[in-house]
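*Asks:* Here is how the chains run, residue by residue.
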Amino acid sequence: MSKHVVVIGGGVAGMEAAGQLSKCGFEVTLIEKENKTGGNINNWYKLFPDRRDSSEVKEYLDMISQKNGIKLLTETTIEKLNRHCDRFSITTDKGTEMTADAIIVATGFDLFKSSRKEEYGYGIYDNVITSAGLEEMFRNGKISLTNGKIPSAIGIVHCVGSRDEKVGNLYCSKLCCVTAVKQAIEIKEHIPESKVFCFYMDMRMGGTHYEELYREAQEKWGVNFIRGKVSEAGESIDNKLVIKVEDTLAGRPLKMELDMLVLMAGMEMSEGGKKIARIGGLNTGENRFFSTSDHHYGSNISNVKGIFYAGTCIGPMSITDTISHSRAAVSDVMDFLRDQ
Amino acid sequence: MQFDPFVIPFNIGLYFILFYVVIRSVIWFRGLSRQDKLRLQRGFFGIAFVQSLKEIFLESLIHRKILKTNFRLGYMHMSLAFGWFLLILFGTIEADMFGAKHLNAPYRAIFFRFFNPEHGRMGIEAAYGFLMDLILAFILSGLLLAVSKRFWSKIVGMKKTARLKVTDKIALTSLWLIFPSRLLAESFTSGTYGTGSFLTGSLGHWMASFLPVQELAYPFWCLYSLSLGTFFILLPLTRYMHIPTELFLIFMRNSGIRTGDKAGSYSEVETYSCSSCGICIDACQLNFSTGINNVQSVYLMKAIRNNDNVADIAHNCLMCGRCDQKCPVGIELSPIRMIQRRGSEAENDIRNIYKGYFRSIQKTEIDKPNGFAVYNFLPEIKTEKADVLFFAGCMTHLTPSIKKAMVKILDASGVNYRFIDEHGGVCCGRPLMLAGQDKEARELINYNSQMIWRSGAHTLVTSCPICYKVFNESYHLDAVVLHHTQFIKNLIDNGAVKMKFLRKRVVYHTPCELGRGSGVYDEPKAVLKHVARLEKSKFEDQNSLCCGGSLANMKISYREKSRIACDAAAELTKGKPDILATACPLCKKTFSQATETRVADISEIVAEALMSSTTPKVISKQFYSIKELADIS
Amino acid sequence: MKKMEKFGFVISKGRQIDYESNDRRIAEYIYKREPSFRLCIECGGCSATCTTGNFTGFSLRELHILIKRGENDKARHDIKKCMLCGKCTLVCPRGVNTRNIVVLARQAFQNYDNYAI
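Protein chains in written order, with this note's numbering: chain W, 1 to 340; chain V, 341 to 973; chain H, 974 to 1090.
Treat the hints with care, as some may be off.
What the hints assert, rightly or not - SDA-like mimics (lysine to any residue), calculated; alpha carbons at most 20 angstroms apart, straight line:
1. Lys-113/W to Gln-933/V
2. Lys-274/W to Thr-935/V
3. Lys-779/V to Gln-1083/H
4. Lys-744/V to His-295/W
5. Lys-744/V to Val-242/W
6. Lys-744/V to Arg-215/W
7. Lys-240/W to Ser-194/W
8. Lys-240/W to Leu-738/V
9. Lys-240/W to His-763/V
10. Lys-748/V to Ile-124/W
11. Lys-1047/H to Phe-717/V
12. Lys-274/W to Gln-933/V
13. Lys-748/V to Lys-71/W
14. Lys-722/V to Asn-1027/H
15. Lys-744/V to Ile-237/W
16. Lys-240/W to Phe-759/V
17. Lys-255/W to Pro-719/V
18. Lys-744/V to Asp-259/W
19. Lys-240/W to Gly-764/V
20. Lys-174/W to Arg-215/W
21. Lys-71/W to Glu-34/W
22. Lys-255/W to Arg-998/H
23. Lys-1053/H to Arg-682/V
24. Lys-779/V to Asp-1051/H
25. Lys-1005/H to Arg-899/V
26. Lys-113/W to Thr-935/V
27. Lys-1047/H to Lys-174/W
28. Lys-748/V to Gly-123/W
29. Lys-725/V to Glu-762/V
Stated by the list, open to error - A few chain W residues that don't get close to chain H, going by computed Cβ distances all over 10 angstroms:
30. Pro-49
31. Glu-56
32. Gln-66
33. Asp-101
34. Cys-159
35. Met-205
36. Asp-294
37. His-296
Hints are computed from structural coordinates only; laboratory data are not their basis.
Computed from a predicted structure; not experimentally measured.
We put the beta carbon where it would ideally sit given N, CA and C, even for glycine.
Bound-form chain W, shown alone (with noise of 0.2 angstroms):
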């Protein structure tokens, strides 16, 4: 009889990991919280490096994990988490009961809820919006503000939830300085004559093909980069946004009016994670994501026997890395099972 292999969470570190499984021969059971699979990948239109469709990555994700073998349950949260002897009991809300011989937790990441930066007035005032939200217009084909105008300077702005003591999360996440980049350029090829600044503390730009990427946003499309934290967005006379920032390279205050501000959020623990984490009795370290047996050899292995981590669960990580996480996932778990 096969072993049974719960994977908690249908994103892509969860569909991947479920793919793979399936491959070598375990019984698979895949749970998701929302109506469809997919989780975070569902919100972006065009992925970085290249701006290639992400509809690709979910073809792909989707043929891998719609095998037979792989019960998909959608629209399920787990209650209770118990481990027997060697096996694990799990509760779903729908009162579904199941046993597993291994678990993968692959739960990902929340936005950063930018409200909670009051400060740059997202919910407060008129066209201040999240970088999901900006890939929302694209995939509508459509930049607007909400008078329905066409934007003419568009500001992006770095590290909002990341790299801040403020609001709690110390850490960087890695991948909204591409991602600003990556929009910022897609700004211009939807308005070629909009002006695009992007304000950074720095340009982290820590994966293949990323710096090229910069390069070009500052070659080929115009995207000016301005090196300088924003510290408040008010709102001008003729409802434009007038930002706060100083200019650090050239050491003096810059000013500035804008039509539309892009705040790039960080990651952040999700809420499905968490809850994960409290029923099952895992982990999680100073930056709420899960934590790791071993930063260098273990990163897929958690504190408890039989439970494994895979994507962003643990941190924050680009598609390919969560794939690649996934797998590596994958291969624990044989171990695991191989050795009962």
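Following the hints, put chains V and H in place on chain W, whose structure we already have.
*Replies:* Only chains V and H this time, still in chain W's reference frame:
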């Protein structure tokens, strides 16, 4: 016999301390300003005198305030203070009634049993003996608590107890020895002669069965006298100076004397009145949330008395005012701390130092490090005329939700207003004052005052309690100063705005600068009751907590402030309200990061509830008549 | 040989930050009493929000970096302009206690060179 050499230490001690207290009181009296001297003289006659006596009875003896806050601690203080008072009173009456003659020297009363060993066998003498024993038992019960408290503070329900110097320890030991030695001395004498009542008699009788009580009596009478004498002589060097000083303080306070801005006789009397009870430590959120427990008011008083490094202690305080509220002696703790903050910035620091028994006036030239602030870059003032000015303040710019809400409310009210610092203004000056830099703040105050005066406005509305407090206290404006909650309440009362009722459960957090700092408690709550379901909270009004965001404390880190905020927010949201309402942008900012519950300023809630009127009435002229202005202020 | 000494390039001393010989006592004074001074990453948030910065050329971030490098002259003059309003401390993403640093810097200037008066 009428006299024995063993009473000499007691006599020396008693006459010394009486003499010393009189001299000190005279010195303090002479140090008062002329106005205060007159006040004090008047305070010795009329109602103030009776009030003072009543307060001395209720607070110095019974310790009613401490009893209310913490019963066991209060009982401990009461039993020692009131019990000793009763012992002296009834002992004097005893010596008068039953002694050889009337009007005896004090030692005849204190050592009555020694000089009248046969007294008390029956009748009224026995009954009186019972009373004396009862009082002694009362004192000893409190003493037991006091000794235990020194080693295990939880027994009186306190988390921490104040630390002591060497002279304090010697004085404390002699204080502790007084009553047990009296007990044993009286018991041994009773055991020898077969007298004494339920306590001393029984104890004496029991000890007589296996101890040579007649020989043991005299050494313990000596110990009794010696411990009394030591205590009295050491008293001025220790914190027990608070016993006589508190009496003087009560008379001064009831005469209307207050601490003021500068150090003087009154602030000195206050620092010596501190009984080191430690209630301020318990009330302090720095102690509770961050474990910082060496900077509270009791330690500040100590540092001032001992001329230690006061500056570090003085600046490490949230200035929330909670300890002021709880101090059972009624010392104005916050003003004294402010004096010390200013002192560390003053050009000449004049300190009255008591080196041992004697006083020396030290005048130290202190460098004025922060006195070189220069604000001559401020631009020329340009204002337009307006009836009402809205001053958001520095902090409100970081909470734009409040700005937007206030603009909506002001627009709906129909008053002719100007938002004078909409694009940034000059700081009100209070942060400088909290750092002790009054002179520098004056420049900013003058600048802002000019602007307000030139606009001709009759009302100044501000959304920040920090600004509100300084506008009221340090600016001398013609205009009426209103906090935005007071302004909104006026709008409601005058029917100028209509609001719908929000079905939300709200808990109100009173900001320190608005509540304890400026005495505004009711208007915010009235406004909230009008628009939502205001719930009661354990920490209300004078007992409210501090959010921890304090501008007054520059010494603690952001993380420590967060801990204070999280603890305070957890307390306030215990009943799981829908909204945690505040009236201060700094409180809002601090609490937003400390709790999951929605945190909103009162102006936001009101703006939500505003029903848009079709045409806002232009009622500025009728809105504020001179009489109404007088009523508002 | 003598002719060779007068030949060649002379680096203008005023341009360089002479890190080794600059007076970093002011920075040391502040580091000791306010350890969070070390955390500054020069993001400029403090200068952006500064109340004084609305009226005059005052950049707290610039003063921080100059003090750290020991280039005290401009800092000595400009540090007097701060109104101590506290907005900078509220904005700082690293949790630097900027308000206390201004107070300490003034103390340090007073202690070490009496404001170079």
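*Asks:* All hints, please: hold or fail.
*Replies:* Now the hints, each set against the structure:
For the given pair, Lys-113/W sits about 12 angstroms from Gln-933/V by alpha-carbon distance, which is consistent with the 20 angstroms threshold. Distance restraint check for Lys-274/W and Thr-935/V: the Cα-Cα separation of roughly 16 angstroms lies within the 20 angstroms cut-off, and the hinted pair is therefore satisfied. For a cut-off of 20 angstroms, the pair hint linking Lys-779/V to Gln-1083/H stands: about 18 angstroms separates their Cα positions. Of the pairs offered as hints, the one joining Lys-744/V and His-295/W is violated, with about 47 angstroms between alpha carbons and a cut-off of 20 angstroms exceeded.
At most 20 angstroms may separate the alpha-carbon atoms for a hinted pair to count; Lys-744/V and Val-242/W meet this at roughly 15 angstroms. Proximity of Lys-744/V to Arg-215/W is assessed by CA-CA distance (about 40 angstroms); at most 20 angstroms being required, the pair is judged violated. About 15 angstroms separates the Cα atoms of Lys-240/W and Ser-194/W, which keeps this hinted pair within 20 angstroms; it holds. For the proposed pair Lys-240/W and Leu-738/V, the alpha carbon gap of about 18 angstroms is at most 20 angstroms, so the pair holds.
The straight-line distance between the Cα atoms of Lys-240/W and His-763/V is roughly 14 angstroms, inside the 20 angstroms bound, and the hint therefore holds. Only pairs whose Cα atoms come within 20 angstroms are accepted, and Lys-748/V paired with Ile-124/W is accepted, the gap being roughly 13 angstroms. A hinted pair counts as satisfied when its Cα atoms are at most 20 angstroms apart, and Lys-1047/H with Phe-717/V qualifies at roughly 16 angstroms. Restraint check: the Cα-Cα separation between Lys-274/W and Gln-933/V comes to about 18 angstroms, which is no more than 20 angstroms; the hinted pair holds.
The straight-line distance between the Cα atoms of Lys-748/V and Lys-71/W is roughly 54 angstroms, outside the 20 angstroms bound, and the hint therefore fails. With a CA separation close to 16 angstroms, the supplied pair Lys-722/V and Asn-1027/H stays within the 20 angstroms bound. Proposed proximity of Lys-744/V and Ile-237/W is supported: the alpha carbons are some 13 angstroms apart, at most 20 angstroms. Note on Lys-240/W and Phe-759/V: the hinted pairing holds, with a Cα-Cα distance of about 18 angstroms set against a maximum of 20 angstroms.
Among the hinted pairs, Lys-255/W with Pro-719/V is consistent with the structure: their alpha-carbon atoms are about 19 angstroms apart, no more than 20 angstroms. Between the alpha carbons of Lys-744/V and Asp-259/W the distance comes to roughly 19 angstroms, so the proposed pair stays at or under 20 angstroms and holds. With a C-alpha separation of about 17 angstroms, the suggested pair Lys-240/W and Gly-764/V falls inside the 20 angstroms cut-off, and the hint holds. For a cut-off of 20 angstroms, the pair hint linking Lys-174/W to Arg-215/W stands: about 18 angstroms separates their Cα positions.
A hinted pair counts as satisfied when its Cα atoms are at most 20 angstroms apart, and Lys-71/W with Glu-34/W qualifies at roughly 15 angstroms. For the given pair, Lys-255/W sits about 35 angstroms from Arg-998/H by alpha-carbon distance, which is inconsistent with the 20 angstroms threshold. With a C-alpha separation of about 18 angstroms, the suggested pairing of Lys-1053/H with Arg-682/V holds against the 20 angstroms cut-off. Between Lys-779/V and Asp-1051/H, the direct Cα distance comes to roughly 19 angstroms. Compliance with the 20 angstroms bound is thereby established for this hinted pair.
Proximity of Lys-1005/H to Arg-899/V is assessed by CA-CA distance (about 19 angstroms); at most 20 angstroms being required, the pair is judged to hold. Annotation: proposed proximity of Lys-113/W to Thr-935/V holds, straight-line Cα distance about 14 angstroms (limit 20 angstroms). For the suggested pair Lys-1047/H and Lys-174/W, the alpha carbons sit about 37 angstroms apart, so the restraint of at most 20 angstroms is broken. Distance restraint check for Lys-748/V and Gly-123/W: the Cα-Cα separation of roughly 16 angstroms lies within the 20 angstroms cut-off, and the hinted pair is therefore satisfied.
For the hint linking Lys-725/V to Glu-762/V, the alpha-carbon distance of about 16 angstroms falls within 20 angstroms, and the restraint holds. No Cβ of chain H comes within 10 angstroms of the Cβ of Pro-49/W; the nearest lies about 25 angstroms off, and the non-interface call holds. The beta carbon of Glu-56/W is kept farther than 10 angstroms from every beta carbon of chain H, the shortest such distance being approximately 36 angstroms. Against the 10 angstroms criterion, Gln-66/W stays outside the reach of chain H, whose nearest CB is about 43 angstroms from its own CB.
At roughly 45 angstroms from the closest C-beta of chain H, the C-beta of Asp-101/W stays outside 10 angstroms, upholding its exclusion from the interface. Distance check for Cys-159/W against chain H: the nearest CB is about 7 angstroms away, which does not clear 10 angstroms, and the non-interface claim fails. Listed as outside the interface, Met-205/W is consistent with that label: its C-beta sits roughly 17 angstroms from the nearest C-beta of chain H, beyond the 10 angstroms cut-off. With 10 angstroms as the threshold on Cβ separation, the claim that Asp-294/W sits away from chain H holds: the shortest Cβ distance comes to roughly 28 angstroms.
At roughly 27 angstroms from the closest C-beta of chain H, the C-beta of His-296/W stays outside 10 angstroms, upholding its exclusion from the interface.
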